[in-house]
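Line order of the protein sequences matches chains G and Z.
Numbering follows this note's numbering, in which position 179 of the first sequence is assigned residue number 179; successive positions increment by one, without gaps.
Numbering follows this note's numbering, in which position 323 of the second sequence is assigned residue number 323; successive positions increment by one, without gaps.
Treat each hint with caution, since some may be false.
As the list claims (entries may be wrong) - With beta-carbon atoms standing in for the labels, derived distance ranges:
| hint | chain 1 | residue 1 | chain 2 | residue 2 | range |
| --- | --- | --- | --- | --- | --- |
| 1 | Z | 418 | G | 39 | 27 to 37 Å |
| 2 | Z | 340 | G | 92 | 46 to 56 Å |
| 3 | G | 35 | Z | 418 | 29 to 39 Å |
| 4 | G | 92 | Z | 13 | 43 to 53 Å |
| 5 | Z | 341 | G | 40 | 30 to 40 Å |
| 6 | Z | 402 | G | 91 | 37 to 47 Å |
| 7 | Z | 235 | G | 24 | 30 to 40 Å |
Claimed, not checked - A short list of chain Z residues far from chain G (calculated; beta carbon distances all over 12 Å):
| hint | residue |
| --- | --- |
| 8 | 16 |
| 9 | 65 |
| 10 | 168 |
| 11 | 175 |
These aren't lab readings, by the way, just hints derived from the structure by calculation.
Note that beta-carbon positions come from the ideal geometry of N, C-alpha and C, so glycine has one too.
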Amino acid sequence: MLRLIKATVPRDVDGAPETEARDLAKETELDDRARAALGGDSTALRIFLGGVVPIVRRVCRGVMGPGNPELEDAIQDCLIEVARALPQFRFEGRASHYVTKIAMRRAIACRQRARALSQQRSTLEFSALPATTFDPALEARADLVRNLLDALNEEQAKALLLYVMLGYSTEEIGVITGVSVGTVKTRLRLGKEQLRRWLERSGEGRRAGR
Amino acid sequence: MQAGEQFPNHPNEELIRRAIRGALDANDRTALERHLAGCPTCAAELEARRIFQVSLARDGEDDARDRDAVERAMANIARKAALDTHASGTDEELDRVALDRAMAGLGERKTSHAGARRFVRPAIGFAAVGAAAAAAIALAVSHTPRTTTATATAGSVTSTRPLILADGSEIAPEDAATPIQISEETPVRTTVRLSAGAARFRVRHDDRRLFRVDAGSIEIEDLGTAFRVAHEAEGRVRVTVSEGRVAVVSTLSRLRVELGPGDDRVFSDTAAPGKLVEQPSDATPSEAPKTAVVPVRDSIHAQLRAHGADDPAGLLAAADVARRSRLPRAAVAPLRRLVERYPKDPRAPSAAFTLGWVLLTDLNRPREAAIAFADAERIAPRGALAEDAAARVAEAWQNAGEPRRAAAAARHYAQMYPTGRYIVLMRGLIGEH
Numbered sequence: 001m002l003r004l005i006k007a008t009v010p011r012d013v014d015g016a017p018e019t020e021a022r023d024l025a026k027e028t029e030l031d032d033r034a035r036a037a038l039g040g041d042s043t044a045l046r047i048f049l050g051g052v053v054p055i056v057r058r059v060c061r062g063v064m065g066p067g068n069p070e071l072e073d074a075i076q077d078c079l080i081e082v083a084r085a086l087p088q089f090r091f092e093g094r095a096s097h098y099v100t101k102i103a104m105r106r107a108i109a110c111r112q113r114a115r116a117l118s119q120q121r122s123t124l125e126f127s128a129l130p131a132t133t134f135d136p137a138l139e140a141r142a143d144l145v146r147n148l149l150d151a152l153n154e155e156q157a158k159a160l161l162l163y164v165m166l167g168y169s170t171e172e173i174g175v176i177t178g179v180s181v182g183t184v185k186t187r188l189r190l191g192k193e194q195l196r197r198w199l200e201r202s203g204e205g206r207r208a209g210r
Numbered sequence: 001m002q003a004g005e006q007f008p009n010h011p012n013e014e015l016i017r018r019a020i021r022g023a024l025d026a027n028d029r030t031a032l033e034r035h036l037a038g039c040p041t042c043a044a045e046l047e048a049r050r051i052f053q054v055s056l057a058r059d060g061e062d063d064a065r066d067r068d069a070v071e072r073a074m075a076n077i078a079r080k081a082a083l084d085t086h087a088s089g090t091d092e093e094l095d096r097v098a099l100d101r102a103m104a105g106l107g108e109r110k111t112s113h114a115g116a117r118r119f120v121r122p123a124i125g126f127a128a129v130g131a132a133a134a135a136a137i138a139l140a141v142s143h144t145p146r147t148t149t150a151t152a153t154a155g156s157v158t159s160t161r162p163l164i165l166a167d168g169s170e171i172a173p174e175d176a177a178t179p180i181q182i183s184e185e186t187p188v189r190t191t192v193r194l195s196a197g198a199a200r201f202r203v204r205h206d207d208r209r210l211f212r213v214d215a216g217s218i219e220i221e222d223l224g225t226a227f228r229v230a231h232e233a234e235g236r237v238r239v240t241v242s243e244g245r246v247a248v249v250s251t252l253s254r255l256r257v258e259l260g261p262g263d264d265r266v267f268s269d270t271a272a273p274g275k276l277v278e279q280p281s282d283a284t285p286s287e288a289p290k291t292a293v294v295p296v297r298d299s300i301h302a303q304l305r306a307h308g309a310d311d312p313a314g315l316l317a318a319a320d321v322a323r324r325s326r327l328p329r330a331a332v333a334p335l336r337r338l339v340e341r342y343p344k345d346p347r348a349p350s351a352a353f354t355l356g357w358v359l360l361t362d363l364n365r366p367r368e369a370a371i372a373f374a375d376a377e378r379i380a381p382r383g384a385l386a387e388d389a390a391a392r393v394a395e396a397w398q399n400a401g402e403p404r405r406a407a408a409a410a411r412h413y414a415q416m417y418p419t420g421r422y423i424v425l426m427r428g429l430i431g432e433h
């Protein structure tokens, strides 16, 4: 049975991927790459997409799960959309936020489509197909949280996704979703309450004082 | 008692981040542990963040996957640019011959409609393939996305160029004088204003979002479809549906008419305002529905022409376009070709798996799917997809109504992966026989 970790603070985890999206130097570099790509040169566009693809992969993998058979297609579609949306980007925010917004929308749509398809056609309840090797127990728990996102309303789900899954701050989520920080905090508070109840119902959480 | 009442001071974001990174000092750690012991909400948040930090960490193959994704995206962008420029002048008959020739060369098994697709002018067809390939390659090299497409993702945009919205919906004005205005684009509603001219729409349908075209006296609501809207003389508006359904709604009376595939109707609000009166069609040849249908197959034509269709990258690209164009049948041949001709290519296992997936889920051909999944496992028995391919073989045979074969495949899975992810399901299949 999967259990919530003890009330101890997690120790070091190699990689610390959540710091990637907030790395200021990387973000500045990505903005520069976006400006260069706007010049119409395919090499510059390729370099820009090369900088964007880790963000896109992370968003898509987070939303869809690493085993989703549509994952690579979704990533590629996101890159194409990002390239085509670039002329509309006015650099009022970070390019990484713009990319995250596009990727998140696409990834959510892909996840919903894949779920609908699997419900229609799958005769066996196979879990999603992994595109890579991963820890099945960990992914089972990750899927648990992803399933919660399907149950939340879209705005709460997006806020929780960006905060818990992708590690964005409330300010960044406000920029990405186009709402105030106060609204983000409200959505997060409600979303986190739902998360707690969801984990409790799934046998993963624990009640206060337990 | 609620956690927030017992512990009003939840840890701030920075503290949580440092906790996830394991960068807390002893005091902070103690304080946080004390808080988490009584606050299940924060404990749940921290647990979820930790799960995803590990789950989303990049693995050793991600760099290679990223490079491949970028290259394939670049190739698709260039080819789409070429297609956008080239498609309008396509001779449908020659294209069909070219496609048939190319698909025949790829080994596609044509059974159902071979008679209807006889090679009318094969010599011309071959010439067309060569000429079109040269043209497509030249266009792909010389056009960047900015020159042929525009994209709207937020706010209001007016453009006379083809637009691709952030959700992937496409709007193609039919001439430079057609103004397109994205007057609203939110998660619940997209409204496109077409005040003159004509445009084609290919909408990514989303049940939670209303996609509406405001064409003056009428509105057209997407119900999951590709369609064309054209202003004509005397305030009439022609709506032509090529796929799916649309609802045409009078802006005055809100009367509503639904149109389906092949419907080509002209509406006028002048003669009887709000009545949604259908007018007789007097379309000129250039306005005929034939030209309104988005030429989905052209994208596959372009792939085949541009690549010569016989190297792994070209075959994969052709399959990608076919799948994205919702023509899974057209993806079968290039994938099968790749697997058969380039079994040692690193992309072959993925191609075999994709082939199995398309056959199983899109085409309902489970027997062939089982063979394709078996190929995926055979080509790379220690590959990342091997376990899933082995399980899918069993699923495909089960779907094909072959329980004995399904059980055999399940036994193979159980032997290879006794603690595998699908072992419970596999045991179930074995147990049935």
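Looking at the structure, which of the earlier hints fail to hold? When the structure is compared with the hints, numbers 1, 3, 4, 6, 7, 8, 9, 10 turn out to be violated.
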